[in-house]
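Chemist: Each chain, written out:
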Amino acid sequence: MATATHGIQTKYGPVIVRPAGTGQTLIHTVANWLWLPMLVMGAMGVAVAIGLGIAQADAAKDLGAGFSADRKADFETLKPLTSGTLFLGEAFILSSISFLLATILGALRWGGGEVQESVAGPVKTLKMPSSAWAFLVLMMMGVMAEVVAFGSLVYVAMQAHDAWIGATAAGAPGSIAEFNRAVTWATWANPLREVA
Amino acid sequence: MSPKLATFSLTRPTASVAAYVAEPWQFRVGIAMATGGAMLLMALFVLTIVIAGWVSDLNGSEAGNVSLLGRVNTYEAWLLPVAVGAIALAKFGIAVILYGIVRRLWLRVAAVKESLPALVGRGGVK
Chain A
1 MATATHGIQT KYGPVIVRPA GTGQTLIHTV ANWLWLPMLV MGAMGVAVAI GLGIAQADAA
61 KDLGAGFSAD RKADFETLKP LTSGTLFLGE AFILSSISFL LATILGALRW GGGEVQESVA
121 GPVKTLKMPS SAWAFLVLMM MGVMAEVVAF GSLVYVAMQA HDAWIGATAA GAPGSIAEFN
181 RAVTWATWAN PLREVA
Chain B
1 MSPKLATFSL TRPTASVAAY VAEPWQFRVG IAMATGGAML LMALFVLTIV IAGWVSDLNG
61 SEAGNVSLLG RVNTYEAWLL PVAVGAIALA KFGIAVILYG IVRRLWLRVA AVKESLPALV
121 GRGGVK
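Heads up: the protein sequence lines correspond to chains A and B, in order. Just so it is clear: in the first sequence, position 141 is 141 by the numbering used here, and no numbers are missing. Just so it is clear: in the second sequence, position 41 is 41 by the numbering used here, and no numbers are missing.
The set of hints was computed from the structure by calculation and includes no laboratory data. Just so we're clear, the structure is a prediction, and the values are computed from it rather than from any experiment. Incorrect hints may appear among the rest.
Unchecked claim - Derived DSSO-like pairs (lysine-lysine); straight-line CA-CA distance at most 27 Å:
(1) 127/A - 113/B
(2) 11/A - 124/A
(3) 11/A - 113/B
(4) 127/A - 11/A
(5) 124/A - 113/B
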C-alpha cells in the first residue's frame, strides 16, 4: 500500500521515503540542461583566445621589427584580452565537468528510484547532503568571479590601448594616468582570474 | 515542472538495453583527446626550454637584444593560449568520458529494472 512521503533515519543518514519515483531535483535538471552549452561556450572561448594569442604574436613580431605607438598599443591591448578570454573558456569547461558530475549523481538518484519502484516498494532516497549545496555555491561563485575578472581585463585592455596609442618612445606610455589605471586593475584582476 | 521537461536528457539513452553490449565511443574519443592534450603539453614544455635559452642570451648587444626580445615575445604570445588550449583539450576529454559514464549508468538502470522484478518473483534476490 502506498504511504505518504516521510523521512526516516538510517545508518547512511536521513532518508526520504516516497510512494513513487523521485524524478530529478532542480539541481539535477539544471545540470542536465547546462552541461552541453557550458562545454560549447568553453570550447569557443578557448578557440577565440588561441586566435587572440596568434594575433598578439603577430603584433609582437611587428614590434620586434621596429617600435611604433600603434604596434605597442596593439600588443598591450591583446595581452589582457587573451588571458581573460582563455580563463573564461577554462571556467566554462570546468563548469561543464561539474554539471556532468552532478548529472551522474542525478542518474544514480533517479535511476535508483526507478529500480526500487520496479520491485514495487516505496522509494527511498538520501536527503541532499550539505556538500552538494557547497558544490553548487562554490561553482557559481567561481564562474561569477571569472566573469568579473574577464570584464576587468577588458577594461585593462581599453586603458592599455589608450595609454600606449600616444607613446613617443619605447617604454614611455603616452598617458601615465591610463597606464597606471591599467596596471592597478591588472594587479588584482589577474589573481582573481586564477582564484576563480 | 512538466514531466516531459524533467525527463528530457541527452545523457539518458533512448536505445534498448541491447545497446548495452555495444562498445561506447565516448571512452575511446575521451581518452584520445586527453592523451592528445597531454602530448601537446609535453611538446610545448620542450619549446619553453628553448625559449628559456633565448631569454638567457638576452645580454648581448642592444640591437641583438631587440631582435631576440621580439622573438621571445612572439613565441610567448601564442605559447600560453596554446598551452591552456591543450589543458582544455584534456578537460574536454574528461567531459566526454563523463558523458559516456552517465549514459552507461542509465543502460545499467534499464537492465536492472528489467531483470530485478523477475529475479524477485523467483526468489532469486534476498
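Chemist: All hints, please: hold or fail.
Modeler: Verification of the supplied hints:
1. 127/A - 113/B: holds (23 Å)
2. 11/A - 124/A: Status holds; Cα separation ~13 Å.
3. 11/A - 113/B: Roughly 25 Å between the alpha carbons, so the hint for residue 11/A and residue 113/B holds.
4. 127/A - 11/A: holds (13 Å)
5. 124/A - 113/B: holds (16 Å)
Violated hints are absent here; each numbered hint is respected by the structure.
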